[in-house]
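K.L.:
Take a look at the letters that make up each chain.
Number of protein chains: 4
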Amino acid sequence: MDSRPSYDEKLLGILRASAGIFAEKGYHRASIRDISAATGISLSGLYYYFRSKEELLFLIQDHCFGTLLQRLEEGLPGGDDPAAHLHLFIRNHLRFFLANREEMKVLSHESEVLTGEYRAGVAAKKRRYTERASDILAELLPRGGVELRTATFSLFGMMNWIYTWYRPDRDGNADELAESMTHIFLRGCLTPMGAKRDAAPDGGLEGAPSIWRTG
Amino acid sequence: MDSRPSYDEKLLGILRASAGIFAEKGYHRASIRDISAATGISLSGLYYYFRSKEELLFLIQDHCFGTLLQRLEEGLPGGDDPAAHLHLFIRNHLRFFLANREEMKVLSHESEVLTGEYRAGVAAKKRRYTERASDILAELLPRGGVELRTATFSLFGMMNWIYTWYRPDRDGNADELAESMTHIFLRGCLTPMGAKRDAAPDGGLEGAPSIWRTG
Amino acid sequence: MDSRPSYDEKLLGILRASAGIFAEKGYHRASIRDISAATGISLSGLYYYFRSKEELLFLIQDHCFGTLLQRLEEGLPGGDDPAAHLHLFIRNHLRFFLANREEMKVLSHESEVLTGEYRAGVAAKKRRYTERASDILAELLPRGGVELRTATFSLFGMMNWIYTWYRPDRDGNADELAESMTHIFLRGCLTPMGAKRDAAPDGGLEGAPSIWRTG
Amino acid sequence: MDSRPSYDEKLLGILRASAGIFAEKGYHRASIRDISAATGISLSGLYYYFRSKEELLFLIQDHCFGTLLQRLEEGLPGGDDPAAHLHLFIRNHLRFFLANREEMKVLSHESEVLTGEYRAGVAAKKRRYTERASDILAELLPRGGVELRTATFSLFGMMNWIYTWYRPDRDGNADELAESMTHIFLRGCLTPMGAKRDAAPDGGLEGAPSIWRTG
DNA sequence: AATGAATGAGGGTTCATTCAT
DNA sequence: CATGAATGAACCCTCATTCAT
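As given, the protein sequences belong to chains A, B, C and D, one line each in that order.
Residue 53 is where the first sequence starts when you use my numbering, and the numbers rise one by one after that.
Residue 53 is where the second sequence starts when you use my numbering, and the numbers rise one by one after that.
Residue 53 is where the third sequence starts when you use my numbering, and the numbers rise one by one after that.
Residue 53 is where the fourth sequence starts when you use my numbering, and the numbers rise one by one after that.
Hints may be right or wrong, so weigh each one.
[As the list claims (entries may be wrong)] Residues on chain A that point at chain B, a partial pick, calculated with CB under 10 Å: (1) T202; (2) T204; (3) P244.
[Said to hold, decoys possible] BS3-like mimics (lysine-lysine), calculated; alpha carbons at most 30 Å apart, straight line: (4) B:K77 - A:K77; (5) A:K77 - B:K178; (6) D:K77 - C:K105; (7) C:K105 - D:K105; (8) A:K105 - B:K177; (9) B:K105 - A:K178; (10) D:K178 - C:K77; (11) B:K105 - C:K177; (12) A:K177 - B:K77; (13) D:K105 - C:K178.
[Stated by the list, open to error] These stretches of chain B come out as covered by chain A in the derived footprint (C-beta under 8 Å, 3 or more residues): (14) 111–119; (15) 168–174; (16) 185–193.
Quick caveat, the hints were computed from the structure, so don't treat them as lab data.
Every residue, glycine too, gets a C-beta built ideally from N, C-alpha and C.
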């Protein structure tokens, strides 16, 4: 039994600590020295784990998006109720968001920092992820409704903005928030939440709040 | 007749140029030297107009919120249709946002940079502004609906996130976007936009798109 | 009757205020802006009264030494008791010093700042002044006693160091200090102050403490 | 065998070089660039050895006072002749002063620059040092003599002023100066130096000039 | 696998000074 | 007489990064 942390474990610890610092001070104001202090690893020792500060940000964002995508794929089994799909998407997003608020803040807030290959790499994952949402919405939006692009990004705006205002003691947990936002997005604020909706078959919504399951 | 710009005009020019640079590179990566180059004013000469880089950011944000609030007050005449009020609020926000995208990006993206008095000053205006929205929503939300806080910030998230994705050539103008977002927020994406809504007396909505006027 | 201050009066006010600031912060740390604030005269307005910061320091030091020398000449009438002369010299120095502590601190502390003509000008007056003391001491020192240079500068050291420690509430006034220092310098600390000294005719010592007048 | 200088040796070298520059130009006019040039260490490299210019000054002053105090304690063995003690004190002070003129000038001239903790740290040592002199003087001064405070600071004035006038080629070495100043301070200038004094048992004055040893 | 020591580039800011008005 | 506006030079300091060990 070897209790020494492996390379990967150490790297993950560095990513987590760095995300915390980037979230707190912002990427540019955070210094590698801050990260050295937070991790207990010497300034130059850190460069064993990443090539540059920019790569460090990339690793954080890439790992974050990777996990987000993976969770999404695991949690989104087939099914033919796009509304339920959307709810699952939102719930997945918010669960991960609130469980990894620092990483997600870095993802949301520092999205324009990366350049070159790093930028391209993250952008690709982001595009894939966004397309998932877009695809779901494409099935949902009625003719003559809101533009798909507008709808998609409005949804992401609602969700990603969370890092600016969310307080765990006041604003409910991820699932509650997911329900609210799904409701707002699909039915609007004017519709009472308990309201009976058009019958829709449950699309792989096991575990989802009962409201989404037509009785 | 003196055509030389006054102190105030020069200051406003500096604020505008600085907002552009802050929007492009982010506050921390932008240097006063960048601003000097963009304005044609010498590095030290700039300090005649502001005391510090932080004050410069404050001036931008404060002036921006000030104008936003002022426009809101001018454009929000009495009336008793809260839905119309909300539409006006959103339209005012987006009109200003898209007409001053750089400033608004700075407002949205660099909201945590300021400290001390500067931070407090902007926060006060922001709170006042947010409360306007919140007050309108309080009249709109049905019992058992979405939490007021959640609704309010979801709305702002939808609107403020725009700076990350809006492209004038693809995404319609401010008024169109305002209409879409009002629709999403109040009725939800599932509702077709042309749909007849509950009759509601026009609440000071002169100039608003016809859809909001009940036939 | 014109109550507006004349050029000279304004200049003197500036010199006084500047001496205060130089004394407090030191010449190099003090800025012309500080002086502008202290005098109420605009930054550029000050340059009507002096050509440069260095000239300002010169004016202060020159005026200060000038007054010191003038007072000395007025207060040092003939007489043939060199000890009494010395006492008068010391008293004159300390009276002026304590009545103009800020100026004297600037004189003592910033003596190496000036360059070129300015430096030469002040140095000349300082030399003349120092020679007065030296001349008096030359008559006093016994054969085989302390070196004249050493004695002279030890005396000035004792006196000029005052600016580092003097507190009006604890350390007596100028005349008391002058008596003490004269005593230390001539008779030493081991000699009680009241002790009868060798008879010496009063050398123009009107107003001096009785101890110096042989009964 | 490693002949490369250790961290401490390098730091001491930097302190010495910096003291030289501070002595020459004054703390505020001296720039870190000057020190970089004098030491051959790059501008930023210097900050590996101190946190700020102010800390650099502190290190110089603290180290200087530390050595001064240590030498004093080593050189001041017991004994009951306070006059001999005083002579030793003065000799210790002047030996160190003249052997480290640049540091001592910095100590004397830049004593008001430090702030906060740095200031407090040096002030504590200075107080301890001054009290040594004061304690000795307290035993020496006769009733009705000069005030203790006045005597103490007059002595320090005499000694510390040296940096303004001392020239090795004209003014004797440290021990000669110490003898002169002790003489002036205790017996006064009027007393010839060779004069027989009250018999006093030698108080640990090995190595002191013969004059202090009663025949 | 890790670090102490060092550096070039660049950052925000201050300052004495000028000059048209 | 006096000032508002402006500037070039310089200053202290921080940073990401490197390299010998």
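K.L.:
For each hint, tell me whether it holds in the structure or not.
P.N.:
Structure-based check of each hint:
Because the closest C-beta pair between T202 of chain A and chain B is about 5 Å apart, less than 10 Å, the hint holds. For T204 of chain A, the interface hint holds, the least distance from its beta-carbon to any beta-carbon of chain B being 9 Å, beneath 10 Å. A least Cβ separation of about 5 Å between P244 of chain A and chain B falls short of the 10 Å threshold, and the interface hint therefore holds. At most 30 Å may separate the alpha-carbon atoms for a hinted pair to count; K77 of chain B and K77 of chain A meet this at roughly 16 Å.
Distance restraint check for K77 of chain A and K178 of chain B: the Cα-Cα separation of roughly 21 Å lies within the 30 Å cut-off, and the hinted pair is therefore satisfied. Only pairs whose Cα atoms come within 30 Å are accepted, and K77 of chain D paired with K105 of chain C is accepted, the gap being roughly 17 Å. At most 30 Å may separate the alpha-carbon atoms for a hinted pair to count; K105 of chain C and K105 of chain D meet this at roughly 24 Å. For the suggested pair K105 of chain A and K177 of chain B, the alpha carbons sit about 36 Å apart, so the restraint of at most 30 Å is broken.
Between the alpha carbons of K105 of chain B and K178 of chain A the distance comes to roughly 33 Å, so the proposed pair goes past 30 Å and is violated. A threshold of 30 Å between alpha carbons decides the hint, and for K178 of chain D with K77 of chain C the separation of about 21 Å falls inside it, so the pair holds. Taking the CA atoms of K105 of chain B and K177 of chain C, the gap is about 48 Å. The hint is violated against a cut of 30 Å. Using a Cα cut-off of 30 Å, the hinted pair K177 of chain A and K77 of chain B holds, with the two alpha carbons roughly 23 Å apart.
Restraint check for K105 of chain D and K178 of chain C: not satisfied, since their Cα atoms lie roughly 33 Å apart, outside the 30 Å limit. Counting residues of the region 111–119 of chain B whose beta carbon lies closer than 8 Å to any beta carbon of chain A gives 0, which falls below the threshold of three, so the coverage claim is violated. Proximity of the region 168–174 of chain B to chain A, defined as three or more residues with a beta carbon under 8 Å from a beta carbon of that chain, is not established by the 0 residues found. Figure legend: the region 185–193 of chain B, annotated as covered by chain A; annotation consistent (3 residues with Cβ-Cβ distances under 8 Å, at least 3 required).
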